[in-house]
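Start from the sequences, fold in the hints, and give me the full structure.
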Amino acid sequence: MAYRRTYPPRWARRRYGSTEVPWVPTDIAVGCSVWIEARFITGLSDSDPIGTAPDQSGESHDGTQAVEASKPLFKENILNSYPAMFFDDANDFLTIAGYGLTQPWTAFLLLADANQVASNTVMDGTAINAGRLFRVFNAGDTLQQYAGGYGAYSPVYSQDTFYTVCSVYNGASSQVYLNGSAGTAGNCGATNPNGHNLGCYGTGDGGFWGGYIVGFVACPGVVSEADRALMDTFWKTIYAHYV
33 MAYRRTYPPR WARRRYGSTE VPWVPTDIAV GCSVWIEARF ITGLSDSDPI
83 GTAPDQSGES HDGTQAVEAS KPLFKENILN SYPAMFFDDA NDFLTIAGYG
133 LTQPWTAFLL LADANQVASN TVMDGTAINA GRLFRVFNAG DTLQQYAGGY
183 GAYSPVYSQD TFYTVCSVYN GASSQVYLNG SAGTAGNCGA TNPNGHNLGC
233 YGTGDGGFWG GYIVGFVACP GVVSEADRAL MDTFWKTIYA HYV
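According to my numbering, the sequence shown holds residues 33 to 275 in order.
Hints are not guaranteed to be accurate.
Unchecked claim - Now the in silico label distances, taken between C-beta atoms and shown as ranges:
| hint | residue 1 | residue 2 | range |
| --- | --- | --- | --- |
| 1 | Thr-193 | Ala-101 | 27 to 33 Å |
| 2 | Ala-204 | Ala-98 | 36 to 42 Å |
| 3 | Ala-222 | Asn-109 | 37 to 43 Å |
| 4 | Asp-78 | Ala-204 | 42 to 48 Å |
The set of hints was computed from the structure by calculation and includes no laboratory data. Cβ coordinates follow ideal geometry from the N, Cα and C atoms, glycine included.
Put into structure tokens, the structure is as follows:
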């Protein structure tokens, strides 16, 4: 697959002296603990198992999986000619270790749900229900938080459609955004993640996600409305998954 360098629009750029450079997730004001995208995985061909998804945050928080049967697949040309990670709804997940987050914290995911099975989990801490985000029917398919309590949930989404999800874990002020639109606020509880599992709930033995994850970003603190908009534009400009 040919790599294409795509720049955000002018308003989403930053300036160093007289030089303009693109905004990236590590520019988020509260910080960036993890930044993983399938397009940064190298050395794999279509349908190869993923052992490592490299972290771009500078913190060396890679997503890894040593068990061959539990490795998600690298899938080429999934979204605007870019690759994605495919999780099989049976046993696939990646573990991101070596860091912890304390509420408030924020996660961004670019994903598509391929099968809409109840309780399928797109992410959790490495202990169960420590910042979980999973599929729940709330007058339609939504993504809901759990960190000791059933928290905020997203607007209704459609199967096989890619969305930018922003999930803010902040006690009674928690919220889940879908392509920039707020869902229903709620109190997610106060359990904090020590690392993350992508594609299952925390213990790595259930609630497996069936679908694609293109990118994952985790940040300490509540990401501002301005930076949420910049993150949304960053992925939308590259992947063109909605207008």
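Do the hints match the structure? See the list:
| no. | hint | verdict |
| --- | --- | --- |
| 1 | Thr-193 with Ala-101: 27 to 33 Å | holds, 28 Å |
| 2 | Ala-204 with Ala-98: 36 to 42 Å | holds, 39 Å |
| 3 | Ala-222 with Asn-109: 37 to 43 Å | holds, 42 Å |
| 4 | Asp-78 with Ala-204: 42 to 48 Å | holds, 45 Å |
The structure is consistent with each of the numbered hints, conforming to all of them.
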